[in-house]
Every structure is written in C-alpha cells, then in structure tokens.
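Student: Respectively, the protein sequence lines represent chains W, C, Y and R.
Yeah, the first sequence ends on 420 if you go by this note's numbering, and it's all consecutive.
Yeah, the second sequence ends on 420 if you go by this note's numbering, and it's all consecutive.
Yeah, the third sequence ends on 420 if you go by this note's numbering, and it's all consecutive.
Yeah, the fourth sequence ends on 420 if you go by this note's numbering, and it's all consecutive.
No distinction is drawn between identical chains; accordingly, a pair holds when it is met within one copy or between any pair of copies.
With a Cα cut of at most 27 angstroms, we get these calculated DSSO-like pairs of lysine-lysine:
id: 1; residue 1: 361; residue 2: 419
id: 2; residue 1: 361; residue 2: 381
id: 3; residue 1: 296; residue 2: 134
id: 4; residue 1: 65; residue 2: 134
id: 5; residue 1: 43; residue 2: 134
Note that these hints are calculated values from the structure, not bench results.
There are 4 protein chains.
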Amino acid sequence: MDKRKICFVITSSIHYSRSKLILSELKNRDNVELQIIVGASAILPNYGDILELMERDGFSYNEKITMTLEGGNPVAMAKTTGIGIIEFTTVFDNLKPDVVIVRGDRYEVLSAAIAAAYLNIPVAHIEGGDVTGTIDESVRHAVTKLAHIHFPTNDLARQRIIRMGEPADYIFNFGSPELEFVAKNSYEVSNELINKIGVGDAVDITKPYLMVMQHSVTSEIGYNRENIEKTLDAIHELGIPAIWFWPNVDAGTDEISKGIRVFREHQQPKNIRFIKSLPPEEFVGLLKNAACLVGNSSAGIKEASFLGTPVVNIGTRQNGRMKAENVIDVSYGKEEIKQAVNKQLDHGRYPTSNIYYQPDTAKKIVDTLSTIKLYVQKSFKD
Amino acid sequence: MDKRKICFVITSSIHYSRSKLILSELKNRDNVELQIIVGASAILPNYGDILELMERDGFSYNEKITMTLEGGNPVAMAKTTGIGIIEFTTVFDNLKPDVVIVRGDRYEVLSAAIAAAYLNIPVAHIEGGDVTGTIDESVRHAVTKLAHIHFPTNDLARQRIIRMGEPADYIFNFGSPELEFVAKNSYEVSNELINKIGVGDAVDITKPYLMVMQHSVTSEIGYNRENIEKTLDAIHELGIPAIWFWPNVDAGTDEISKGIRVFREHQQPKNIRFIKSLPPEEFVGLLKNAACLVGNSSAGIKEASFLGTPVVNIGTRQNGRMKAENVIDVSYGKEEIKQAVNKQLDHGRYPTSNIYYQPDTAKKIVDTLSTIKLYVQKSFKD
Amino acid sequence: MDKRKICFVITSSIHYSRSKLILSELKNRDNVELQIIVGASAILPNYGDILELMERDGFSYNEKITMTLEGGNPVAMAKTTGIGIIEFTTVFDNLKPDVVIVRGDRYEVLSAAIAAAYLNIPVAHIEGGDVTGTIDESVRHAVTKLAHIHFPTNDLARQRIIRMGEPADYIFNFGSPELEFVAKNSYEVSNELINKIGVGDAVDITKPYLMVMQHSVTSEIGYNRENIEKTLDAIHELGIPAIWFWPNVDAGTDEISKGIRVFREHQQPKNIRFIKSLPPEEFVGLLKNAACLVGNSSAGIKEASFLGTPVVNIGTRQNGRMKAENVIDVSYGKEEIKQAVNKQLDHGRYPTSNIYYQPDTAKKIVDTLSTIKLYVQKSFKD
Amino acid sequence: MDKRKICFVITSSIHYSRSKLILSELKNRDNVELQIIVGASAILPNYGDILELMERDGFSYNEKITMTLEGGNPVAMAKTTGIGIIEFTTVFDNLKPDVVIVRGDRYEVLSAAIAAAYLNIPVAHIEGGDVTGTIDESVRHAVTKLAHIHFPTNDLARQRIIRMGEPADYIFNFGSPELEFVAKNSYEVSNELINKIGVGDAVDITKPYLMVMQHSVTSEIGYNRENIEKTLDAIHELGIPAIWFWPNVDAGTDEISKGIRVFREHQQPKNIRFIKSLPPEEFVGLLKNAACLVGNSSAGIKEASFLGTPVVNIGTRQNGRMKAENVIDVSYGKEEIKQAVNKQLDHGRYPTSNIYYQPDTAKKIVDTLSTIKLYVQKSFKD
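Whenever a hint applies, use it, and build me the whole structure from the sequences.
Tutor: Here is the structure:
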C-alpha cells in the first residue's frame, strides 16, 4: 500500500503546542508517512526553540529551515516571507509530499502555502476563516484562497470560507485542535518550575496570579511601545504576581521588547517574572489556574474559553474573533486595564465554553487528510 | 500640496501594454508622483523587454528588478515569487509609496502585493475577481485578500470580491483598461513590420491570417508539450498564414518552447512566423485584422471581445472567465481545433461587445487612486 | 567505525563528467558516506540536465537545488550566487557533512564554498590556482582563500596556491581528474548518435570534422555577440562538418545564443549541427577523433592536451592557462580563425601531453579526502 | 566633466565611524558623485543604528538594505551573505557606480564585493592583507581576490596582497583611516553622557575605568558563552568601573548575549554599565581616557595603538594581527585576564605608536579612488 505523504510545517513554538495531538495521530497511522519541517521562529532560542521539545516528545524532523530576518519590523517580516518561499520550495521539491498542512495566519505559513501551491501540491489549512486585526487578517484569507482543504475551528469561520468561493465539501469544522489538547491535559505548574526559568523576581503562583501575553500589532507600528507601557504600568500597579511572556517575532516586537527592557531597568518591578515560553503541557497548566490572562494573545480567546480563565483582551489584535463570555475587551489605557482586571478577579472563573471545542478533533482531521480525494486546480465556487 | 506617491509595478510586457493609458494619466496629474518599478519577465529579452518601449513612450522607471529563475517550471515560478518579495520590500522601503498598484494574477504580482501589505502600504489591484484556470486562479484571489482597493473589470468579478469580504465602497468596476486602449488605437500592421522580426517564413497578412497565443497551464505540467503539438499540427494543416507568439514565462513554458522548436526543426512549416512580442499599438493592430485568434490568451477573451475578432479558445486556462459570443471553446485536439477555426473563418468578425469595456477607464481609476481615503487594517466584511 | 561524510557538489554538467571517477571512488569506500547535491545549470534541460545520466550511472542525490536566474547576464549570475548561498546553507545544515568538495571557478561553486566556510565545514577545492580570463579568474582564487584542502591539477597552480598563503601540506597536485577519465575511456561516437540529437543538418563524422565550443566572456559583456559571429562565419566558410555546442549558462550566454539563432535563421548552414551536450563518454569519444576543436573551452586546454586533438583557442577566456603544444591562440577575427584551423588540419594530431595528467588521480584524491586531518580555522602562512 | 560615481557601502556602525573622514572627503570633491548604501547591522537598533548619526553629520544614503538574519549563528551569517548579494546586485544595477568601495572582512562586505565583481564594477577594498582569527581571516582574503584596488593599512598587509597575485601598482598603504580620525578628535566623554544610555548601575569615569569589547569567535561556536563568562567574572571581581559594549552581530553573538544577560540577572554587578554603541567621536573620547581596554576588538589593536591605551587582548580573534607594545595577549581564563589587567593598570598609558597611522589617509585614498585608471579583468601576477 502506498502511504500518503503528509508534510506538517511548524514555524512557531505555539504551532507545535497546538498541533501535538495531530502530529501524534499522523505518526501513528499506517497509511501515512509523516514529514515534518521546522523553521522560522520555532527554532530561534529567543522565541522558544522547539527542537528539544520535539525530541522529548519523540518527533524527528525532515528538514530544518533558518529564515527569520532580524529587526522585528515590517521589512524583516516581508523579507522572511520571501526567503521562506525559496526554502520551502526546495524542501517540498525534495520531499515530494502528497499534501502540505499549515496552520494559522503568520507570514511563514503564507510562504509554505505559496511554495506548495505553485508546486501543485495540495495545501490543507487549519484555522482559516477567522477574523482578527493586524496583517494576519489579510494573510489568513490569502492562505485560504491558496489552500485546497480547510479545517476552520468554528462555524462562523466555515461560513466565511464558503463565501470566499471554496468548495463546501472540502471545508471541515472539527473544532480547534488545541482545545482537545487542553481538555486532555492535567499538568500542574509549581512555583519551582516557574521560577527557575526567565528573569525578574520570584513569584508565588500558589496565590492568585496573572498571565500577560501582549504581542505587537503590525498595523500599529510606531505605537506598540507606547501601548505596551500602558499594560506594564497597569500590571505593576496592580501588584499581583504576574507571569509575563515575551512577545513573538512579529513586526513591532522590538518596540515591545524595548518597552519591557527599559521598564525593568527603571522600575525593577517586584511582582513580575518574565519568561520566553513554556512547553505545551506547562503552558496549559499555568493558564488553567491563572486568575486572569491579560494582553492580546489568541490563547485568551481559544484555550481560555474552554478553561474558563478570565481574560482582559487589549486593543485591536483579536478584533472580529468569536469570543466566549470569559473575555472583557479594553483599549490601550492603564486605568481601563486595571479596572477590567479587577472586575475579572472579582468574577472568578467562567464555565467551560465549547464554541471552539469538539471532541476527537485530531482524529477527524487526520482521517480526512489521509483519505480525502486530493485535487490541484482550484475554481471559485459561485 | 503633498503629492500622493503612486507606485506602479510592471512585471510583464503585457502589463505594460494594458496599462499605458493609466500610466499616462498618472504621469500627467499634478497631485500624483508616479513611481514605476519594472522587473521580472518585463525586462527579459526572451519575453519582450519593455525598457525600449517605455523610453519610446517617455516613461522612466525608478527601479529595475531582475528576479526570474530559469527553468520554466513550478519550482522556478515559486522561487521567483520569493525573490520578488525580498526585492520589492527593499524597493518599497526606499521609495516609500503611499499606494502600490498591481494588476492581474501572476506570481510577481503576488510578490509585490505581499511586500506592500506587510509594509502597511495600501495595495490597489486591477482585474481581481475573475475566474480562470491554472494557479492564476488561486493567486488572483489571494491578491484580492491582500489588497485594499479593487478595480475589477466586470460586474461578476465585482460581486465575487464583495462575497470574499472586501468593502463594497473600495471596489470599482470601471471596465478593463486595455479595452479603452484598444478603442483608441488605430495602428495598422504591415507585412513589412511583421516579417522583419521573429523567425520562420515570411507571411502575407494582407490575406486572412491567424494569430496563435497558447501559454502553458501550470496545473497541467507534464502535458503542455503534448497539448501544444495538437495546436501546432492543426495550424500547420490549416495552411493559412499564421503569426505565432512564443509563450510567456509561466511554469511549463519550456515544454511549450521545446514542442515548438522540435516542430519547426522537423516540419519546417511554411505558413507560420514565430515572434516574441509586439509593442501594444502593433499588437492591437494585428489582432484587429486577424481572421481568428487561436490559443488560450486572455487577449482572446478581453481585447478580442471588443474588436469582434473570432477566437478559438483551447483548454482550461480561461475556464470560468466571462466570455462574449466571439469565443468558441475547444479542448486539446487537432481536429477539434481545425473545425473550430474553420467555423470562425466562415463566420467572420463579430459585433463589438462591451462586457469588458467602459469609457474613460484610466481617468476613473486615476481619479480614485489619487483621492480615495487610504486605509491599512483590513477586516472581513460579514 | 564512523564514516566520514563527504559532500560532493555538482552544479554543471561538465562538473559531473569530470568528476565521475572521483564519485565512483567515493561511493565504493567503506570509510566514506557519499552525499551528492545537484543544482544550478546541472539540472536545467537547456544546459544538459544530468539527472538522467546520474541514474544511468547508479548515483543518487541527497538534495536537488534550483537556483539559476534567467537572463544570461551579470545580474543573473550575481543573484544566482546569492540564492545558492541561502540554499546550500540549509542543505549543509541538514546534511551535516564533515567536508564539502567543490570544483572549478563558477559562481555556484563560490556559493557552496561560502556556505560551507561560514558553517565551519572544511572545504576541499579541485582545480584551484589556475590562471584564466573572465570573472572566473577572480572567483577561483576567492574560493581558494575560503578552502581548506586544495587539489590543483598542475604544479604551477600548486605554487600559486602556496604563494596565496595556503598551507603547503594541504595542497596536492594529483593531476586533473578528467584526464584520468579520458585515458580510460574508449567510447566511439557514430554518425547515428550525433545526428539523432540537436538541430541543423546531419553531419558526417566519418570525415574530418570540427568541434566548436565557445562560451561567453563575462568581462566582455556587450561584445560576445559580435565575437561569436566571427566564429560562425569562419566555421561556415570552412565548410567542413562541425558539431557546435550551445554555450554554457554564464553571463553573456544570451548574446551568444541570439547570435547563433539569427545566424541559423539567415544562413541555414549545411555543415553545422548544433547540440546542447553529450554524456561524458560520448563527449570524450567525439573529441578524440575531432580534426580540430575551435572556441574557448577548457576542454581544449585540458582534455585535448592529453588526446592530442588540435585546438584553435579564441580570445581571452583561457588567458594565462598552462597550455600544451596542441593549442594555437587567436583573437576574435574570421580570417585569423580560418587560417589557424587550416594550419591545425594540415598538422594533424599531436603527441599526448602529460602536463595535466597523472595516473590514479581519483584514488589519490579520495585517499586524501577520507583520511586527512580536518581543520576549520584558517591562517595565512607568511 | 563627468563625475566618477563612487559607491560607499556601510554595513556596520563601526564601518561608519572608521570611514567618516573618507566620506567627508568624497562628498566634498568636485569630480566625485558620492553614493552611499547602508544596510545589515548598521541599521539594526540592537547594534547601533547609524541612520541618526549620518543625518547629524549631514550624509544621506541612496539605498537602505535590511538583510540580517536572526539567530546569531553560522547559518544566519551565511544566509545573510546570500541575501546581501541579491540585494546589492539590484542596487548596483540601478545606481551604476563606477567603483564600489568596501572595508574589512565581514560577510556583508563579501556580499557587496561579489555583487560588484560579477557586474564588472571595480571594487576598492580597505584593510585587506591583515591576518586574524575567525572566519574573517578567510573572507578578508577572498575579498582581496575579488577586488581591484587595495588600501591595506600597513606594510605587512601590503606585502601579503602582492604575494596573493595582485598588481603592486594597485595596492596602496596610506595607513588606517580611523587613526587619522582618532588623531583629529578631541571629544571628552562625561559621566552624564555615559550614564544616560545603556543599562546597569551608573559608573564614575572620572576614576580609572575599563572598557570591555569582546565579540564572538565564529570558529569557536559553542564555546563563546563559556569564554565570555571568564571575562565577566574577571571584570566583576576587579571591581573597577567598566563600560561594557554588547557584542556585534557575528555568529555566536547570541551565546555571548545570553552569557551577559544571565550574569546580570544573577550577579547584579555594581561596577559595570552595558551599552550598545557610541557615536565615533564619543567612542574615541572614551577609549582615549580608558585605563585599559579588555576583550578582542580590533579597536584594541588599531585605535588604541595610536592613543597609547593599554589593552588586554583575549583569545584568538586578533591572532596574527600586527600589534604595538600596548597589547598584552591572554587566553580565556579569569585569573589570567585579571593579572593582565592589573599589570596594565600598573603600567599606565603607552607612547603613541604609528604602525597603523599615516597623515592624510582619507585625502590620499580619495585622490587615488577618484583618478586611478579603472580596470575590470583581473589576472594573477606571477
């Protein structure tokens, strides 16, 4: 029997976390040959190098691609996309996968989708059809129009993909893969673990604690520093223990990093510990018990909805994303953020929401990927 | 008064032809600073280098970009896209345009759109929303999802762009710019002109003659040679004078070129002259008087609809494109092609169709481009 | 036992021909793991795609890299070097060779040498230290200064490499590998073989015949067409059967190709057959019996010296190269070329010269490569 | 009169500092059109963005190129070279300089030299012929073999360039341009200036103080962190005020940065202030009064030789470089470093050395550049 060669592209550490169950499922299927390509920020130590994690979890990669330009600005982001296409093309041309699977809306994902599409390799895309802010909003839908098989994570997204002219019988809402992972995870994070990594004072997470994850907004280049300073001041003044994650590699990240560095230097905040990343199990464990997640991460919209963790969502980055009742939206403003966090602390945990969750997501995705009839030539469905 | 810096990207010789009126209009406006970038196949002598034409017409370029990989295959096409992004990013970063305008659905266009979008420069896109075959079908819609201002050339296309979630007040159907050019053009092509360029025997275009333009179909890589041979045999056997245009640079072009070269070597056809390209005026002049255009060029769908030139459209490349009554669709097959051509010769010219034509297209596009309120952050319109 | 991983880089079809014995030797050694990377013009059908040849000969490659820009001009050559570095870096980073072996002075070779050098992988270089014209002269010595182990093909070259500050105990003159191949080859080329490939009239090589191989000179861009026309006229007027090889991919190649194409179209020469390339055995078989080789190929200096084939070497490309008595140097000029060819036809074959030949070249190179102590940090030897 | 177009490439902030006098001289000549290209780490804020400095000094650039890959490792360094070639090629092709001038031995310099050489643009190279450690040693000589005009900074270097086969009448030792700058500079650095930038405790430079500049050694990847920790411990234990410069962008820089970051977090040293860079005048002013410069910067070998500043040079990076008596070489070791620093503190300042200094360096270089007969085709001088 000919195995179907399914090539999974991992270009950020959160990709890996959110796809572990799919990867395991692919690896264990008899009718599948799993190919893994790792690259971009997923292999940059500053953003949470996943190579060690993968080894721990028993995955090996076929090719590793260094492609991220330094600068944390739009120029770097654009050029990284270009390099990514050149590199993915060579790799796909050598690995000859039957189908390439990508996830999300980042620039490296666009690279992989373009390379595969031009090589007449069908592209499967997880998490299309959502609406958000930043350049991700454009890129996500562009990837949809290059892809052949769609795994949106909710029904609104599925409807949008249909509207965009994709064939309904190639669009599957099996829920969000990371929520299945969340549902199955029971890891408990200790003070010891959290204080042996990162920088800043030790924090006590046996007490109510905050998590902060605020990434740059690419369409607000030039304002990201000023915006992060609002959040820094708010968290500092709240005085509650906080675990703060450094921002991802998107354009504007240097504005945010600089904001944080200067703040640390001048304020020497006692209640905040800054860490780069956590392995998937630890991350979910930490989020599960957080009193509130603050920032603009999609983890607040997705993982936290299922966990019932209260969220204060800041600014435009998640604009348009379908949200459960655990989220309070605020704009950039110290007082507004503080009030919202206090409100969430008063409220406490929310009931589990299933807007993004379905059981057996990974199994269903892999069933489909490994058996669906593949096609190359796309055609807008009127 | 601050002039709006409008950057026009020209990446194939047909781009140039089809955009001349817009370029003139942009150049003559007081409130516009026109920036021109030329690159890709537009500056490759094998595909009709436009630099000389531009000089003749009084246009100068700001930057010239060599970016096309050799090979005429999908790998080359994909990597060219990657290089294009890297290069366009540097150029846009240095020229700092207020808006970038691109046209069509080729890979270099995707490069320019991605570079501009990541740099937060609004993108205007001409000719989105059409439906066709080949990878162009995917790329055209991906560009739409990266673009901010849309100039589809017909109403069906406009409706699709709206369906894809773009804001209706940024989608303008002013007709197809090349048809305005066609309507204003009165150039007459002589035997002398046509026989001093290209290779093959001299042809007599005072008699009824054919034009042949058959490009590769990227999603039919491996079959392009066999398909072109059908057309070669058909045209050869028809015995009518024919002007045959070498294919463009798309993946699969080497299959077609090889088919033509071997055919010429073995058959030494007396009735066919092979040319690379013609300047816009000459091209339209030739098409206007052709007894029939054969192949899969969009010129058969667009320019020929207005001119009333009979067309035999072969294969899948123009699948889904809105067509006037001048077009007979056939699949790859010698006899089928011959019959269709004979049918068109019997029928003779068609009346002018206005499905793609509107008056003052260039003026309206430039009015809009130079004054419309620009925006950066996109958001899917539900 | 740990095998030494030796990575052989093949970037042109002539590389492959000239390295076959080394490749076989590497493949058969117990203490060596042979890695092969093919790319650049070696996989472009227009320049003699070697993938089929390799398969015939029982070699498989680890990675295939498409990297050549179209244009046949200096810009294309330079950018190809850049892409090559990006691509070789990824490939070396994934294959992790202990040593990379490259040959010659072309731009793709420079790419591979730079990528390996920066990755702290020792580089072995065949054929350094020669002196010639064109940009190759600069590139060859630059590669020497990036390389760690040197296999010059003659003693003058070895002395130059020592002068350039390289350590004498890492510089080995074992002769030129292709001459060992020539010495062992006994292939006889037939009329049938030569006339079933290429274009032009059939030629009769049972009669005295010429071979013509004239590549572009990169430092004479703009003059290559005019120069090739002199040779075309000379060969045409000589009227002797001639096998003409299309030029390689260097900058200026389009000037030469165009010169040939226009010449063929207008002159329809009866005595010349144009072919792209021949497999190594056939090539040497053809050269062995040629009455004279005309042009500027290094085959005239190297292979022909051993075979005793008379050579008319045109222009500056081989300036400075050590030559045996079989070579007459001429400049660009129809009469000069004709006179020199006639002189060579009168003279007939020359005795074998051993200036580039030594026995067991491949064995000695592989002995050294597989056992020599490797080092990374270079240091100019005063 | 036709002005000679001289294109100056600036790819690191120290390039700019060390070339200011040449840039001024070029700008003021009537027979010269100065073109400036800035790029690579020179425009990365993390490594001392020079755009602001240039504006302050009245220079404007023609093109700005973002090209540096993130990672601080050999892969990033190699790929940056590749991107650099692609980008410099486009820029040179558009600017059409008569001669390109580069300086030093970094990878971006290699990029520019390759791009220019392939485009048949003569390359002038400052500071060739020196001997050092790291990959710079290979790259410097490779650039020499690609360059046409050489400005070594000392006579030993000039002799090596002659030995490497370059024409003696195109090799000029006019001394080191930065020393002329040093000689003319009279800037005095205040406590206020130094303590308003950077991070760490305030230091008092009215007392004897150290400067520390230790960059990564690319051929010692994997050991750079351990090596920097020795220096950190030594400086910490010495307890004297120290100004520590973050490392440059070379492969291995992330090992060093991480070493410094972790050290700061754990040790919170009171005597060290960490800064990224200083403008040229301030830098020289600081060095002039330093009690000792510690690390492996070429500033210890060059600028400090003239200023008489005592230097403790650590490790292999400057191996082979001609040194004045102000330098004590030590290997990686805390005690060794401490002892050497104490010895230098006891000794105090050294007399001015002229081994790298000559008067009027900039004037002589520009006289030569603007008038020398240019050539393209290189040829090894036996």
